[in-house]
Every structure is written in structure tokens, then in C-alpha cells.
Amino acid sequence: MKLTLEVWRQKNSEDKGKFETYTLDNANEHMSFLEMLDVLNEKLTKEGKDPVAFSHDCREGICGSCGCVINGRPHGPDEEVATCQLHMRKFEDGQKITIEPWRAKGFPVLKDLVVDRSAFDRIMHAGGFITVSTGSAVDANLMPIPKAIADEAFSAANCIGCGACVAACKNASAMLFVAAKVSHLALLPQGQAEKTERVKKMVKAMDQEGFGNCTNTGACEAECPKSISIRHIARMNREYLSASIASE
Amino acid sequence: MKLNSNIPEGNLQDKWQNHKFKLKLVNPANKRKLKVIVVGTGLAGASAAASLAELGYQVDAFTFHDSPRRAHSIAAQGGINAAKNYHNDGDSVYRLFYDTIKGGDYRAREANVYRLAEVSVNIIDQAVAQGVPFAREYGGLLDNRSFGGAQVSRTFYAKGQTGQQLLLGAYSALNRQISLGTVTMHNRREMLDVVLIDGHAKGIIVRNMVTGEIERHAAHAVILATGGYGNVYYLSTNAKNSNVTAAWRAHKKGAAFANPCYTQIHPTCIPQSGEYQSKLTLMSESLRNDGRVWVPKSKETAEKVRKGEITALDIPESERDYFLERRYPSFGNLVPRDVASRAAKERCDAGFGIVPTGQGVYLDFADAIKRTSAHLIEEKYGNLFQMYNKIIDEDPYKMPMKIYPAVHYTMGGLWVDYNLMTTIPGLFALGEANFSDHGANRLGASALMQGLADGYFVIPSTISNYLADVEFTKPGTDTAEFDRAAKEVKDNTDDLTSKKGKYTVDELHRQLGKIIWDKVGMGRTAEGLKEAIQQINQIKEDFKKDVHVPGSAAEINEALEKAGRVQDFIELGELMARDALAREESCGGHFREEHQTEEGEALRNDEQFAHVAAWEYNANGDPVRHQEELIFENVKLTQRSYK
Ligand SMILES: Cc1cc2nc3c(=O)[nH]c(=O)nc-3n(C[C@H](O)[C@H](O)[C@H](O)COP(=O)(O)OP(=O)(O)OC[C@H]3O[C@@H](n4cnc5c(N)ncnc54)[C@H](O)[C@@H]3O)c2cc1C
Ligand code: FES
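Protein chains in written order, with this note's numbering: chain F, 1 to 248; chain Z, 1 to 643.
Hints may be right or wrong, so weigh each one.
Claimed, not checked - Simulated restraints on C-beta separations:
no. : chain 1 : residue 1 : chain 2 : residue 2 : range
1   : F       : Lys-170   : Z       : Glu-394   : 49 to 57 Å
2   : Z       : Lys-502   : F       : Ser-13    : 47 to 55 Å
3   : F       : Asn-171   : Z       : His-87    : 43 to 51 Å
4   : F       : Glu-194   : Z       : Arg-32    : 53 to 61 Å
5   : Z       : Gly-140   : F       : Ser-13    : 45 to 53 Å
6   : Z       : Gln-151   : F       : Asp-93    : 46 to 54 Å
7   : F       : Gln-95    : Z       : Thr-184   : 24 to 32 Å
8   : F       : Ala-222   : Z       : Glu-531   : 36 to 44 Å
9   : F       : Asp-93    : Z       : Thr-597   : 24 to 32 Å
10  : Z       : Glu-394   : F       : Gly-72    : 22 to 30 Å
11  : F       : Lys-170   : Z       : Gly-199   : 56 to 64 Å
12  : F       : Asn-213   : Z       : Gly-199   : 39 to 47 Å
13  : Z       : Lys-500   : F       : Arg-89    : 51 to 59 Å
If you're looking for bench data, these hints aren't it; they were derived computationally from the structure.
All values derive from a computational prediction rather than experimental measurement.
Beta carbons: idealized from backbone N, C-alpha and C, even for Gly.
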């Protein structure tokens with residue numbers, strides 16, 4: 001495959017950044033998208049140029065490290081995949097591909113395609129946990145949890161924290177990410193004791209990080225590599241409402 | 001170098017309880033004055049950091065990831081073992097202990113493994129209390145499945161994402177401590193050296209991976225939970241950034257490295273497709289609960305499949321060789337990994353492989369789908385089937401999966417005593433980074449168990465025994481030892497970025513990987529190992545003279561990070577070959593072709609090799625091999641049989 005790549009290059013967070021165009025003629029359709037970038041980077045290195053910085057680790061769609069906007073879509077033109085699982089067979093020979101970092105106030109660009117997502121961690125610090133110290137747990141089967149509830153909790157816990165939801169949203173809202181955690185823990189009996197405090201603290205932290213509001217466009221759900229449903233946002237809104245009423 | 005395993009006296013069943021009682025304690029008021037560094041926040045590190053902070057220690061935790069949630073542990077798929085016996089199928093702590101010792105081909109310490117089995121039950125309780133959404137039955141109780149090397153169902157799971165859910169649990173415990181201010185989290189920091197003062201580990205040197213700054217951090221003790229070294233092979237199922245650097249630099253400072261040649265090749269991974277391949281993807285062992293492994297019975301048929309003239313669906317039942325079921329009727333598809341991998345290699349080497357490269361066999365779910373339903377299979381393995389489909393572009397509900405063995409896990413690692421302390425006082429190693437519990441072969445679903453056992457339940461008790469004796473003075477970094485270590489790190493980084501030779505780091509890494517895969521992989525011979533040592537030395541030279549590291553040290557520079565890691569992989573690779581050469585027997589994942597039974601099974605030599613090989617680094621010559629004898633008081637050493 002022959003490709004024209006328009007890649008966002010930015011030296012560091014201060015730099016303004018711009019697109020650079022590269023051509024690649026030895027890609028093939030069995031490669032993953034990141035392998036295609038590896039090939040580009042080998043080529044740039046050999047030419048004495050600076051390779052393109054991008055985040056990645058597991059390369060199987062679970063660590064949430066990777067992510068770029070490819071031809072305008074977070075994680076590119078395939079459904080239910082992270083960038084690392086995208087394969088070149090989704091592109092045409094001769095195609096032009098634009099590659100950009102996540103763009104959101106909450107995610108400053110550090111270099112090229114690498115962004116800083118530590119805001120997500122700080123939201124988790126605010127309340128994304130159940131208070132239980134090591135050694136104090138009771139036998140796991142003392143607390144049966146209906147399968148349907150456990151499965152629903154799993155469907156939220158499935159979030160990989162990649163940030164595609166934020167990148168997809170025109171308001172750069174982090175609602176789906178926050179809702180996934182709130183919903184996961186609010187569904188389970190273990191999470192009940194702290195559920196009121198948790199939702200309030202996490203929403204507050206989210207607002208402080210500069211993420212935008214949710215206007216229910218559903219773009220986040222559509223681009224989520226794990227298909228996390230916006231019904232979790234609805235659940236979080238209910239939790240938040242009852243928490244606010246309770247504290248009045 | 002003295003190796004004292006510190007295994008407690010007494011009956012196997014009582015050792016851990018007695019030991020905990022005898023360990024020195026640190027009183028709660030004093031804990032606040034003690035600082036512990038935890039490097040690595042995967043399952044082992046995150047659970048350790050959180051648990052130590054809960055006890056009152058001040059913890060500084062480090063990861064090269066941008067968040068603890070991204071550690072390689074996140075990718076673990078199939079499950080975690082625990083001797084809960086919820087299914088009344090005869091499981092017990094003793095049985096889990098026994099299976100693990102046997103699965104490890106009798107090359108692990110009895111006392112460690114028993115403790116692991118004992119605390120396994122608490123891990124499940126802890127995880128559930130944190131909100132880990134394990135799979136459940138309709139009655140609401142926890143579900144289990146089976147894994148290789150066991151005839152009971154003791155594996156707890158969360159679809160094919162067990163590692164993710166357990167890591168998010170440990171991460172949440174860690175977050176709670178971060179919010180309380182008891183853990184200070186340092187993301188995007190790569191540890192590049194450990195600092196010794198008066199022979200004790202008292203700090204580390206790290207590189208800030210965004211600014212390039214070389215930082216010093218001091219503490220009263222240092223814990224390494226930095227994962228395994230499977231990426232020495234270049235292609236493995238490990239996350240791309242997993243590496244040996246932290247452990248290796250500790251080794252160069254005096255920590256013994258144990259059994260480096262014990263590496264695990266996992267039977268069910270997606271075969272390599274081309275030269276550009278960057279990593280291999282695991283298809284969880286849990287799939288062998290329902291999948292049947294086979295190749296065509298005739299070479300002609302296999303040839304036709306390879307050429308694409310026919311597909312698996314054209315091959316009638318009578319023409320299929322379910323070779324694991326044939327060779328191992330009692331364990332069938334659920335034999336341990338080393339056995340399954342070698343059996344697949346044997347068939348492929350004999351010409352029965354079913355992918356164009358010849359290196360692939362089928363893993364077929366047709367019978368299971370017929371027996372149950374596609375829906376039930378989806379429930380259990382949905383994400384794995386999806387992952388496969390995305391990579392191979394073929395629907396595994398309709399067409400059998402194509403799989404081949406790949407490097408997956410490393411049983412070897414830093415030598416530790418029963419307290420998880422390395423040969424450097426004050427330096428501890430947990431999780432995959434140590435060598436402790438799996439002998440020469442790890443059973444499936446036991447790494448998550450071990451990482452969490454080490455972090456939640458073992459280190460919080462054992463570290464106090466060391467810390468009870470240290471002085472409370474605030475650790476400082478203004479010492480000659482810190483100066484020297486920081487300078488060495490800086491010099492090395494500067495040196496690497498000044499190299500603008502003709503090979504990229506990846507090119508040299510690929511070459512290294514190929515040598516190690518061919519010669520220190522599934523089958524090893526004395527001759528091959530000697531060649532490997534020579535060839536690795538050539539790569540070492542090429543690296544020194546001719547590597548090309550673009551960019552500078554004062555920015556995000558992945559090539560520089562990789563260069564440092566590959567530098568260490570090259571040295572480790574040589575030690576692996578030496579270790580494999582010295583071990584004149586076959587055991588578990590270490591298969592010396594000279595030592596096999598008539599049926600091609602691993603042939604141990606218990607008289608001479610029932611020991612741990614612990615290597616001491618020697619800057620001026622060959623490394624020194626020390627031995628820790630393994631004493632078996634409870635199990636009888638027999639030839640492993642899964643027939
Ligand atoms: C694809 C796959 C599937 C698996 N499935 C299973 C399974 O189903 N069941 C099972 O029991 N096991 C499984 N395993 C094995 C298991 O996942 C690992 O052995 C285990 O998770 C290792 O945990 P760890 O905490 O020791 O290390 P890791 O999770 O690898 O964490 C290492 C940590 O150390 C940090 N680190 C490393 N070096 C440095 C440094 N120099 N400076 C700073 N930080 C550093 C990293 O950032 C990371 O935080 C699987 C493995 C793979 C590859
Ligand atoms: S690299 Fe881990 S999700 Fe893509």
C-alpha cells in the first residue's frame with residue numbers, strides 16, 4: 001500500500017504545532033495502524049529525522065494508552081476498536097490519512113500525538129473507589145449479586161480510560177468516563193455506603209479539570225472502543241440528583 | 001554471595017502463621033516516619049503501595065506509564081486461581097499447592113508455594129469488596145472455570161478481562177491512598193538505578209520521561225514490582241514497554257538473578273503474520289476449556305491448507321488429529337502450557353502446520369458451540385473472539401482459530417528469600433519481577449494470584465521485619481552514593497543520544513529476539529546456546545558502536561527509552577543462554593533437547609539440578625552461578641504425567 005500521511009507535529013506543550021506530510025510506500029493491509037506508524041518511524045529515523053511520538057503499550061485494546069484522531073474520528077474508521085486494534089485493511093491503497101492527537105482543554109498535548117490525561121486520574125482520586133483496607137474483607141460469597149446486575153456493572157467497569165469519549169465530544173465532556181465509574185460502583189452492593197459522596201466528589205473534580213458539559217449528542221458512545229453505553233450517564237445523573245437532594 | 005532462603009521451621013501448614021508471629025513489627029507511630037519506595041504499579045506494585053500506605057508507611061510510588069491503570073497487568077485475560085472450593089469439586093489449599101509445585105516441574109520452594117495457596121482465598125474476598133465485577137452464576141454467587149494443569153475449577157474471572165478488573169481494583173485502592181496523601185504517585189518516571197548506602201537499598205534514580213530530568217529519591221526501603229522480561233524476545237505477548245531494566249540494574253548493583261532461562265511459551269497466541277510485526281497477541285488459555293486443538297492427520301492435507309486450496313471446514317472429522325487429546329487423554333486440551341506448546345511445535349516441525357509459514361495449528365470451538373450455544377461462548381470469551389476477528393479478519397465462531405506458541409511470561413527473576421527480599425538488604429521484589437513461586441513453569445491464572453498475594457498479603461507483613469531495625473532519620477539524597485549513581489545514569493543517557501550509527505534500536509532488538517527465540521526458546525541445545533552467546537556478543541558490539549538514537553535526552557524520546565531497555569536485554573539475553581547451558585536437564589519451560597524421554601517429554605535430573613540457580617553479576621568477567629538447594633519435605637518428586 002502507498003499512503004500519504006498528514007501527521008500533527010508538535011515539539012512540546014509550548015510549541016504551536018503543525019501538520020507535516022509524509023509518504024509511505026511499504027505499508028500493507030495486514031499491519032495494524034500502529035505498526036504502520038512504526039514503519040514510518042523507522043524510515044524517519046533512518047533519514048535522520050525525529051520520529052513521531054505516540055502513546056501505546058498493550059497493543060490489544062485494553063490498556064487505554066493509544067489514541068489519535070484518524071481522518072476526523074477518534075480511533076479511526078472501525079467500530080469498537082482502540083487505535084492499536086485498527087488495521088490497515090480499513091484503508092484504501094493511495095489514501096491520504098490525517099493523524100492528530102486528542103484535542104481537549106482537559107488533555108494538553110505533550111508532544112506530537114501524546115497528550116496528558118492525568119485529569120482522569122485526579123477525578124478517580126476524588127472518589128473512584130470503595131473504602132476497604134486490605135485484610136478487612138468478608139468472604140466473597142456472603143454477598144450474592146444477581147447476575148444481571150453484575151453484568152451491568154461489568155459493562156461500565158469495562159472502560160479503558162483512553163479518552164476517546166472526550167475527543168469525540170464537541171464540548172470535550174468527560175461525562176461518559178466519569179459515569180462509567182460512578183455507575184459501576186453504584187450498581188454493586190459494596191458501593192452503596194459511599195455512593196452519595198462519591199458522585200458529588202467525582203463530578204466536582206470533573207468540573208475543576210475543565211471538561212465541558214454533556215449535551216446528550218451520544219458521540220462518546222459511538223466512538224468508545226468498549227461501547228460503553230450512555231445509559232450510564234443517565235444513571236449518574238440520577239445518582240447526582242438524589243445526592244444533591246439528600247444534601248439539601 | 002550468601003543465599004539464605006529464610007524458610008521458617010515447622011509444618012508446611014503452619015510456617016506462614018508462625019513466621020508472621022515471629023516477624024518484628026513497627027509500631028504505628030513509627031510507621032509514619034518510614035518511607036518506602038515502590039517501583040511499578042501493576043498488580044503487585046499497586047496492591048503493595050496501597051496496603052503499605054494503609055498500614056501507615058509513607059509511600060512513594062513510581063511508574064513509567066502515564067497512569068498506574070495502564071500497567072501490563074491490565075492485559076491479563078483468563079482469570080485468577082484461588083482455593084475457595086466453592087464448587088465442591090475437591091479443591092483445597094493443599095491441592096492448589098500441589099498442582100502448582102507439580103506444574104512448576106518441582107523447581108519451586110514448597111514453603112512459598114504453600115503460602116501462595118493459603119492467601120489465595122483472601123485475594124478474592126479483597127477484590128470483591130473493592131467492587132471487582134467477577135463473573136457470577138444466576139444465583140448471584142461467583143462462577144469458576146478450569147485452567148491448564150488442574151482437574152478442578154478454581155479460576156475466578158471477569159470475561160476475558162480479569163487482569164483489567166483486578167488492576168482497576170488495586171488502582172482504586174491506590175487512588176484512595178493518593179487522595180489521603182499517604183501515597184505520592186510519580187507517573188512517567190523510569191527507574192534507571194538503585195542507590196545503595198552501606199550496602200542497603202536506600203533510594204533510586206529516575207528519569208522524568210517528559211522533561212528528561214534525572215531525579216533522586218530516597219527512602220528506608222525499596223520495592224521493585226516491575227514485571228517480567230518476556231520482551232527480550234522482541235516478539236511476545238507482553239505490552240510493548242515491558243522491560244527488565246529495573247531488575248537488571250538492581251542485578252548489576254548486587255541482587256542475584258535467579259533462573260533466567262525459565263521462560264514460558266504460551267501455546268495459544270495469534271501466529272506471526274509479517275516482518276513488521278510488533279507484538280503477538282495471546283488468546284487466553286481459558287479458551288482451552290471449550291476449544292479443541294488439532295491439525296490435519298495427513299501432510300498433504302496440511303499442505304493444501306497452507307496453499308489456501310482448502311480450509312479447515314473442508315477437512316472431515318476422521319482426518320483431524322486432536323493431538324493433545326491423543327497424547328494426553330486424562331488432561332486432554334488442558335495440559336500445562338509447556339507441554340501444549342511443545343506438542344504444537346512438534347506437529348508443525350513435522351510438517352502439519354496450517355498457516356502459510358507452517359507455524360500454526362487450529363483451536364476449534366465448533367463442538368462447544370454445538371454443545372452449548374454461540375451465545376454462551378460469547379458470554380465467556382466475547383472480547384477474545386472480537387480481538388481475534390479484528391486482527392485476523394476471520395470469524396472464530398465459524399472458522400477455527402489459528403494459533404501458535406509465543407513467549408508470554410518469565411518465571412525467572414530477581415532472587416528473593418521467603419520475605420521477598422533480594423540479596424541486597426532493603427531491596428524487595430514482587431510479582432513477575434521475582435522468581436519465587438512458579439518453578440520452571442507457571443500454571444495459568446497463577447500470576448495474578450502471585451502478584452496480588454505478594455502485594456496485598458506478604459510484603460505488608462515481611463517488610464516490617466526489615467524496617468523494625470532501620471534508623472528513622474529522614475533519608476537524604478545529598479550523598480556521594482546518590483551523586484555517583486545520578487552521574488552514571490546521566491552519562492549513559494547522554495552517551496545513548498549521542499549515538500547516530502546505522503542501526504535503529506528496533507533493528508538490533510529484533511536481531512536479538514530472533515537469536516533468543518531460535519536458541520533459547522522452546523528447544524535448546526548446548527551447541528545452539530554456545531552460538532547464541534557469541535551472536536549476542538556481536539549484537540552488543542553493534543549496539544555500542546552503531547546504534548542510532550534520534551533526538552535528545554531532554555524531551556519525550558521513546559527511542560531513548562527503548563535504547564536503555566535493549567541495552568539491558570542484550571546483557572540479560574546472554575545470561576539466559578548461560579543459565580540454559582548450565583542446566584543440564586529439561587524441566588518445565590526449559591527444554592534441553594539432549595534431555596528428553598523416549599516419548600519426547602522433559603527429563604529432569606533431580607540429583608544434580610533440584611536447585612535454584614542464582615547468578616551474581618561480575619563487572620570484570622563471567623557471572624557467578626550460585627545454588628539454592630530445593631528441599632522437598634511434602635511432595636514426592638516424580639516425572640510429571642498428564643497422560
Ligand atoms: C496477554 C497476557 C495475558 C495474561 N493473562 C493472565 C491470566 O489470565 N492470569 C494470570 O494469572 N496471569 C496472566 N498473565 C500474566 C500476568 O498478567 C502478569 O504476570 C502480571 O500481571 C504481572 O504483574 P506485575 O505487577 O508483576 O507487573 P506489571 O503489570 O508488568 O507491572 C509492572 C509495573 O512496573 C512499572 N515499571 C517497570 N519498569 C519500570 C521502571 N524501570 N521504572 C518505573 N516503572 C517501571 C510499569 O510501569 C508497571 O507499572 C497474562 C500475561 C499476558 C502477557
Ligand atoms: S495500546 Fe493499549 S489500548 Fe491501544
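Hint-by-hint comparison with the structure:
| no. | hint | verdict |
| --- | --- | --- |
| 1 | Lys-170(F) x Glu-394(Z): 49 to 57 Å | 37 Å, violated |
| 2 | Lys-502(Z) x Ser-13(F): 47 to 55 Å | 33 Å, violated |
| 3 | Asn-171(F) x His-87(Z): 43 to 51 Å | 49 Å, holds |
| 4 | Glu-194(F) x Arg-32(Z): 53 to 61 Å | 25 Å, violated |
| 5 | Gly-140(Z) x Ser-13(F): 45 to 53 Å | 49 Å, holds |
| 6 | Gln-151(Z) x Asp-93(F): 46 to 54 Å | 52 Å, holds |
| 7 | Gln-95(F) x Thr-184(Z): 24 to 32 Å | 47 Å, violated |
| 8 | Ala-222(F) x Glu-531(Z): 36 to 44 Å | 54 Å, violated |
| 9 | Asp-93(F) x Thr-597(Z): 24 to 32 Å | 53 Å, violated |
| 10 | Glu-394(Z) x Gly-72(F): 22 to 30 Å | 29 Å, holds |
| 11 | Lys-170(F) x Gly-199(Z): 56 to 64 Å | 60 Å, holds |
| 12 | Asn-213(F) x Gly-199(Z): 39 to 47 Å | 58 Å, violated |
| 13 | Lys-500(Z) x Arg-89(F): 51 to 59 Å | 36 Å, violated |
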